[in-house]
Amino acid sequence: QLEVEVTDISGKTIDGPVRLDISVIDQNDNRPMFKEGPYVGHVMEGSPTGTTVMRMTAFDADDSSTDNALLRYNILKQTPTKPSPNMFYIDPEKGDIVTVVSPVLLDRETMETPKYELVIEAKDMGGLDVGLTGTATATILIDDKNDHPPEFTKKEFQATVKEGVTGVIVNLTVGDRDDPATGAWRAVYTIINGNPGQSFEIHTNPQTNEGMLSVVKPLDYEISAFHTLLIKVENEDPLIPDIAYGPSSTATVQITVEDVNEGPVFHPNPMTVTKQENIPIGSVVLTVNATDPDTLQHQTIRYSVYKDPADWLEINPTNGTISTTAILDRESPHVQNNIYTALFLAIDSGNPPATGTGTLHITLEDVNDNVPSLYPTLAKVCDDAKDLKVVVLGASDKDLHPNTDPFKFELSKQSGPEKLWRVAKLNNTHAQVILLQNLKKANYNIPISVTDSGKPPLTNNTELKLQVCSCKKSKMDCSATDALHISMTLTLLSLFSLFCKSFP
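Using full-length UniProt numbering, you'd call the opening residue of the sequence shown number 1 and step up by one each time.
Since the hints were derived computationally from the structure, they do not count as laboratory data. Be aware that one or more of the hints could be misleading.
Pairwise CB distance ranges (calculated) [unchecked claim]:
hint : residue 1 : residue 2 : range
1    : Glu410    : Asp311    : 33 to 43 Å
2    : Asp21     : Val101    : 26 to 36 Å
3    : Phe226    : Pro114    : 23 to 33 Å
4    : Lys115    : Ser248    : 22 to 32 Å
5    : Asn316    : Ala424    : 15 to 25 Å
6    : Gly164    : Thr190    : 43 to 53 Å
7    : Val305    : Gly164    : 39 to 49 Å
Listed below are the simulated SDA-like cross-link pairs for lysine to any residue, each with C-alpha atoms no more than 20 Å apart in a straight line [as the list claims (entries may be wrong)]:
hint : residue 1 : residue 2
8    : Lys115    : Trp185
9    : Lys389    : Val371
10   : Lys398    : Thr377
11   : Lys94     : Gly50
12   : Lys162    : Thr139
13   : Lys155    : Lys94
14   : Lys307    : Asp387
15   : Lys217    : Glu258
16   : Lys455    : Asn278
17   : Lys77     : Val100
18   : Lys217    : Trp185
19   : Lys389    : Thr300
20   : Lys154    : Glu210
21   : Lys455    : Lys389
22   : Lys232    : Asn209
23   : Lys419    : Pro406
24   : Lys419    : Lys398
25   : Lys94     : Thr139
26   : Lys425    : Cys469
27   : Lys386    : Gln437
Ideal Cβ positions, reconstructed from N, Cα and C, are used throughout, including at glycine.
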C-alpha cells in the first residue's frame, strides 16, 4: 500500500494524498521440493492388491491458492522392473503409494531383490506440461513372512561315535527360503523319537542354522550298538495360517556306536571294611571284585596295588584278595580320622589293556598299644619356696577312650632315710607334685609312673627332673656348683645299707 500526493514546484499540495493499493501477482517460479527424505516404506510379501505402502509429500513455495502450487504425483521409474514393471501406483493427488500387482507376484522369495526404488515426480500447475517438477527416490522393502517351512536336505543322516564319548556327532542341514537371520528362517530342532534315556541333545548353530546333534550321556556299546533318532525342525516364528510343515521337516539319524576297550569296574567303589589295629601280618582284609564292561570280549582281569601310603597291604593278582604285610597302626600319620585309604588297579587283557581304579577305606579300631606320656618332664623351684605344691603334671595318650584316661599317677618307691615328696591327683588327666619339705639346691630325679585305663592297662615309668634353685631378689640361680645329684646320693645310701646288713 502506498500514499500518493501531487505538489507544485514550491511544495504546495495540489492533490491528494491518495492511497494506492498494489497487488503482486504470483508467478510460477518455484519448483516442488521433497524435504522429508529419505523415503523408505515397507510392505509384507503376499499383501493384497491396493495395500498402501507409504505417502510421498512435496512442498511448493508458490501461492498455495493458485495452480502454481497445485501438485500432482507420478512414478517416473521403477528399479528393478521384475516381476512387473508396474508393481506400484501413486495417487496423483495424495501421493500415497499402493501395490497394484497380485499377492502371488508380491513374493519375496521369487524376486531378484526384496528392495525396489521408485523415482517419484511432483509437478505443479496441476500436472500440466507447463508445470515445474521436483523428484525424489522412494525405497520400498518387501518384508518376509514365514510362508516357507524349513526342510531337511536329506531324509536320513548317518553318524558314528565311540562308546563313552560325548560331544557333537553330526550336523543336520536344512534349507529355508525365508529371510535369513529372522525368526521365519531360524530353525528349532526337536528329537521326537528314539531318545528314552535322554542321551542325545540337539541345538541350532546360530551362524549356519544347522542342527548340532550331540551325545550328552556316554553310550554303551554292550547295551546298544545302534540308535535311530527321529528329528523334527520348525521355525522360531509360526508359519502363516495357510502353510503347514510337511514330510521334509522330519529326518532320521542312524547312529552307530563303536566298541572301545573299557577299564574294569570295582563293585562297590569305594570299598569299606573295619579291622582292629595290630592284627597279625598276613591277615585277610577283603577280597575285591571287579568286572569288565566289555562282556563280548571275554577278557581276564589282574589286580595290583596302586597306592599304599604305609606299605601295609598286598593283593593277590588273580583272585583279588587283599592281606596285610605289616602291622596296621591306627596312630600312624597315614591314618586320617581312624581311616586308612589305599588304591588298587584292575587291569584287563585287552590290546592295549584298560585299567580301572578301586578305593579301599579301612576303618581301624583302637587297641591299647600306647603308654601314656607325662608332661612336663622338667621343672624348677626355689629352695625357700613357701608353696610346696611345686609342679602340676599332665598325661596324654595316643589311643582312644576307654584306653586313655582316667590316668593313675604314682611315685615309684623312694629310696633313702626320708621321703621328700608325694603325688596328689587333681582330676582324670592331671596330678600335683607336693614337696614334703624345702630342699637344698640340687638337681633331683623324681621317679613317677603313669597308668592308663585300658584293658589290660599300660604303664609308663618315667622321671620328672626337678631343679631346686636359689632365689634372691626375684632372680633364680639354678647352677649346681654346690649341689650333689640327689639320685646318686640315694643310690649310695641304699648300697651302704645293703652292705651293712650283709656284714654285721
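Verification of the supplied hints:
{"no.": "1", "hint": "Glu410 <-> Asp311: 33 to 43 Å", "in the structure": "holds, 39 Å"}
{"no.": "2", "hint": "Asp21 <-> Val101: 26 to 36 Å", "in the structure": "violated, 56 Å"}
{"no.": "3", "hint": "Phe226 <-> Pro114: 23 to 33 Å", "in the structure": "violated, 46 Å"}
{"no.": "4", "hint": "Lys115 <-> Ser248: 22 to 32 Å", "in the structure": "holds, 29 Å"}
{"no.": "5", "hint": "Asn316 <-> Ala424: 15 to 25 Å", "in the structure": "violated, 57 Å"}
{"no.": "6", "hint": "Gly164 <-> Thr190: 43 to 53 Å", "in the structure": "violated, 26 Å"}
{"no.": "7", "hint": "Val305 <-> Gly164: 39 to 49 Å", "in the structure": "violated, 26 Å"}
{"no.": "8", "hint": "Lys115 <-> Trp185", "in the structure": "holds, 19 Å"}
{"no.": "9", "hint": "Lys389 <-> Val371", "in the structure": "violated, 26 Å"}
{"no.": "10", "hint": "Lys398 <-> Thr377", "in the structure": "holds, 18 Å"}
{"no.": "11", "hint": "Lys94 <-> Gly50", "in the structure": "holds, 15 Å"}
{"no.": "12", "hint": "Lys162 <-> Thr139", "in the structure": "violated, 56 Å"}
{"no.": "13", "hint": "Lys155 <-> Lys94", "in the structure": "violated, 54 Å"}
{"no.": "14", "hint": "Lys307 <-> Asp387", "in the structure": "violated, 58 Å"}
{"no.": "15", "hint": "Lys217 <-> Glu258", "in the structure": "holds, 15 Å"}
{"no.": "16", "hint": "Lys455 <-> Asn278", "in the structure": "holds, 15 Å"}
{"no.": "17", "hint": "Lys77 <-> Val100", "in the structure": "holds, 15 Å"}
{"no.": "18", "hint": "Lys217 <-> Trp185", "in the structure": "violated, 30 Å"}
{"no.": "19", "hint": "Lys389 <-> Thr300", "in the structure": "violated, 73 Å"}
{"no.": "20", "hint": "Lys154 <-> Glu210", "in the structure": "holds, 13 Å"}
{"no.": "21", "hint": "Lys455 <-> Lys389", "in the structure": "violated, 32 Å"}
{"no.": "22", "hint": "Lys232 <-> Asn209", "in the structure": "holds, 14 Å"}
{"no.": "23", "hint": "Lys419 <-> Pro406", "in the structure": "violated, 26 Å"}
{"no.": "24", "hint": "Lys419 <-> Lys398", "in the structure": "violated, 33 Å"}
{"no.": "25", "hint": "Lys94 <-> Thr139", "in the structure": "holds, 18 Å"}
{"no.": "26", "hint": "Lys425 <-> Cys469", "in the structure": "violated, 26 Å"}
{"no.": "27", "hint": "Lys386 <-> Gln437", "in the structure": "holds, 10 Å"}
In this structure, the earlier hints numbered 2, 3, 5, 6, 7, 9, 12, 13, 14, 18, 19, 21, 23, 24, 26 are contradicted, and the remaining ones agree with it.
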